[in-house]
Amino acid sequence: MKRSFQIRVAPSQTESDTIKHIRSFNENYKKSEQTGTTPLDYRSGKNHLFISDKKGQSLDTCATIKKDYVCCNVKVLKSVKNCPYDCSYCFLQYYLNDGETSVTADIDGLLEEVEERLKQQPWRFFRIGTWELGDSLALEEAVGQAQQLIPRFAKLNNVVLELKTKSDCVQSILNLDHQGKTVVSWSLNTDYIIKNEEHRTASLANRLKAIRLTSEAGYLIGLHFDPMIWYENWELDYTKLIEALALHLNPKMIAWISIGSLRFNPEMKQKITMNFPNQKLVFKEMVTGDDRKMRYPKPIRKQMYSHLYKELTQYIKVKDLSPIHTEQANPLLYFCMERWDVWEAIMGENNSPSSIGELDYLFAKNFYTRFPNLGLSKPIQNNYIENEDT
Amino acid sequence: MISQTIENDLIKNLSSLTLFSKTKINVNAKEHQDITELKESIANLGILNPIMLYKNNDKTFIIDGIKRIHIAKELHHEKIPVIKLNKHQLYDAALLFLVHTPPLSFTQKAIFLSELVGFGMSLEHIQKNIASKLNLPPNQSDINALIKISELPDSIIQFSHEKSLSFKQLFILNRYPKPVIELVDYWNQLCMFSVNQFLLVTDYIHDIYQETPSTFHTLKNQKSIRAILKNSASHKQRNRALISYIHTLKNPIISEKNQQFHTIIKKSDPPSLCHINWDQSLEKKEIHIHANLSKKNDLQLLRQYLNSTVAQTSLNTLLLEL
Numbered sequence: 001m002k003r004s005f006q007i008r009v010a011p012s013q014t015e016s017d018t019i020k021h022i023r024s025f026n027e028n029y030k031k032s033e034q035t036g037t038t039p040l041d042y043r044s045g046k047n048h049l050f051i052s053d054k055k056g057q058s059l060d061t062c063a064t065i066k067k068d069y070v071c072c073n074v075k076v077l078k079s080v081k082n083c084p085y086d087c088s089y090c091f092l093q094y095y096l097n098d099g100e101t102s103v104t105a106d107i108d109g110l111l112e113e114v115e116e117r118l119k120q121q122p123w124r125f126f127r128i129g130t131w132e133l134g135d136s137l138a139l140e141e142a143v144g145q146a147q148q149l150i151p152r153f154a155k156l157n158n159v160v161l162e163l164k165t166k167s168d169c170v171q172s173i174l175n176l177d178h179q180g181k182t183v184v185s186w187s188l189n190t191d192y193i194i195k196n197e198e199h200r201t202a203s204l205a206n207r208l209k210a211i212r213l214t215s216e217a218g219y220l221i222g223l224h225f226d227p228m229i230w231y232e233n234w235e236l237d238y239t240k241l242i243e244a245l246a247l248h249l250n251p252k253m254i255a256w257i258s259i260g261s262l263r264f265n266p267e268m269k270q271k272i273t274m275n276f277p278n279q280k281l282v283f284k285e286m287v288t289g290d291d292r293k294m295r296y297p298k299p300i301r302k303q304m305y306s307h308l309y310k311e312l313t314q315y316i317k318v319k320d321l322s323p324i325h326t327e328q329a330n331p332l333l334y335f336c337m338e339r340w341d342v343w344e345a346i347m348g349e350n351n352s353p354s355s356i357g358e359l360d361y362l363f364a365k366n367f368y369t370r371f372p373n374l375g376l377s378k379p380i381q382n383n384y385i386e387n388e389d390t
Numbered sequence: 391m392i393s394q395t396i397e398n399d400l401i402k403n404l405s406s407l408t409l410f411s412k413t414k415i416n417v418n419a420k421e422h423q424d425i426t427e428l429k430e431s432i433a434n435l436g437i438l439n440p441i442m443l444y445k446n447n448d449k450t451f452i453i454d455g456i457k458r459i460h461i462a463k464e465l466h467h468e469k470i471p472v473i474k475l476n477k478h479q480l481y482d483a484a485l486l487f488l489v490h491t492p493p494l495s496f497t498q499k500a501i502f503l504s505e506l507v508g509f510g511m512s513l514e515h516i517q518k519n520i521a522s523k524l525n526l527p528p529n530q531s532d533i534n535a536l537i538k539i540s541e542l543p544d545s546i547i548q549f550s551h552e553k554s555l556s557f558k559q560l561f562i563l564n565r566y567p568k569p570v571i572e573l574v575d576y577w578n579q580l581c582m583f584s585v586n587q588f589l590l591v592t593d594y595i596h597d598i599y600q601e602t603p604s605t606f607h608t609l610k611n612q613k614s615i616r617a618i619l620k621n622s623a624s625h626k627q628r629n630r631a632l633i634s635y636i637h638t639l640k641n642p643i644i645s646e647k648n649q650q651f652h653t654i655i656k657k658s659d660p661p662s663l664c665h666i667n668w669d670q671s672l673e674k675k676e677i678h679i680h681a682n683l684s685k686k687n688d689l690q691l692l693r694q695y696l697n698s699t700v701a702q703t704s705l706n707t708l709l710l711e712l
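Sequence order for the protein chains is B and X.
Residue numbering for the first sequence follows my numbering, starting at 1 and increasing by one per position.
Residue numbering for the second sequence follows my numbering, starting at 391 and increasing by one per position.
If a hint is listed, it holds; no wrong ones were tucked in.
Mimicking DSS-like on lysine-lysine, the simulated pairs with C-alpha atoms at most 25 Å apart in a straight line are: (1) B/66 with X/674; (2) X/568 with B/269; (3) B/284 with X/558; (4) B/284 with X/568; (5) B/310 with X/675; (6) X/674 with B/269; (7) X/538 with X/518; (8) B/293 with X/558; (9) X/675 with B/66; (10) X/674 with B/293; (11) X/674 with B/67; (12) B/293 with X/675; (13) B/280 with X/568; (14) B/271 with X/568; (15) B/302 with X/647.
No wet-lab data here; the hints were simulated from the structure.
All chains should be built: construct the whole structure from the sequences, respecting the hints.
What follows is the structure, given as structure tokens:
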């Protein structure tokens, strides 16, 4: 996606690789006179790009982690903020005080922090995503951040980088030496939802093509069916989605699969209604969970997850996708921000990890078993259980 | 300023048009103060200080002197002295009004700003010179949003002023479509909602309006709602019953499930000392059993119930469903 931005650059980053990339990408590149002192709103911030320093701590645990839920304990590297896309349900419209899009150009600084963290827990298998406050690849053509991160992660042990996207911007990463240490993930939804709610993102057809190209380049693929959204033809459409996916991706290349449903802070409701007057997402029946997020009532969520789970097991040709059965060498499937009882309702009694630590361990075990060529350390369950807060 | 006099006909027409009259919702607590002294003075000496007027298009507004005009009319004065203000003098009068008025609620601020706009004051002028006097952020979009609040129905304006709604609450209210606001306003007259109830009901009704417009259009004349409004003894009862009914309409799945669970538990016939509860949002897979043990055989009753097949089946079914 070719897009023009007003660009502002942190003084220390004027000669960074990111700026060199921007110059080569856009011959007419010119720094903006804009000073960056006035906070931009979420929408106009999408047209302004700040090439920033690394400020403070960039590596953290996913902000939604909560002990009430069986969370995956993924780590996040905050290297991008805001996103050129305009999904109606996106939490950034509520979350960002200053909407200016920013990309951290100090790759050395980011990697130093990652390496430091890896050293602290050499026994742990880390999954580190760059998607918490933006899309990992949507700006790739313009800024080339993933092109810098992928080869650096290829040299690290016990870690994979997760690039999560709704784009089809993969051309520039296909020929990189990734050593299997980068998982390229897609947030997938039905054609109807993509067209009506995920504005400016790549179409389903283009995302699927990108998935095929990326998996053919040897990258493992993450699949995130999140947020599942309830509408009149959801059942049939999610079936079609999995059928289409099956034509493009060999299940052996799937790193993991996550499933979640639409959820948002109550305050977001007004924002969404204001920013997207034609959407109907927020008017459905919803309940407020312990995390103060509104979501569909549990009977609806269970119905949606069961349907998708059934379709996925047929696609992958297995009876069971519970993460506790990793000896079957299946991709690991998990639910995002759900209690143990929802897991068991879908996967069967006693088929849910009992804690965040156990699920984290199961990720490590799954990867260790399925991808021996990554050279991961053999995971020890107690380490993960005892250190689930870290 | 040039002092003039105006004639009898105009005096009559002036009686209902007071500057910032809308803003003055409930602020003139001393409205009915004793005016005998003033009346005597006018009867003996006439009106000494000219009445201040401002003319905007075809309407003439009284800026200062409403009481004197009333007295002059009572005393059948045929002429009174007036000063007609120009736009700049009006702005000064606006600031003077703020100085002499108790702190305004957000609702009053909204009305005040809309009146200024109505008198031809530019948004820029309001932003620069008035916003800070009203403790408002000098942000034009906020000021615009506040001005639009004055378009709400009068009864809602009155309600939001009396209940001191915040800027955010007013802003949210003003975003709801007119039919939604009008319906909730109608119910509010009968049920006297608290602020939270009012906002909750409006939010629910708005969801119904958006999700199932056909249901929304039947609401005002729906039999069940009419019965609630007609048969409840007090506004509190009406209020509770209506909110509960609307909750059911808005949350059909949750309501139906909870109803099913109540039936399951009721069939198991728990002793009166035993209260069985669950998370009504159905999020937590938990059943809470509270027992009030006060008599000698209460424990035995509880044990009997929990050991019974019917109780175990019911509780297991409930747990499974949760």
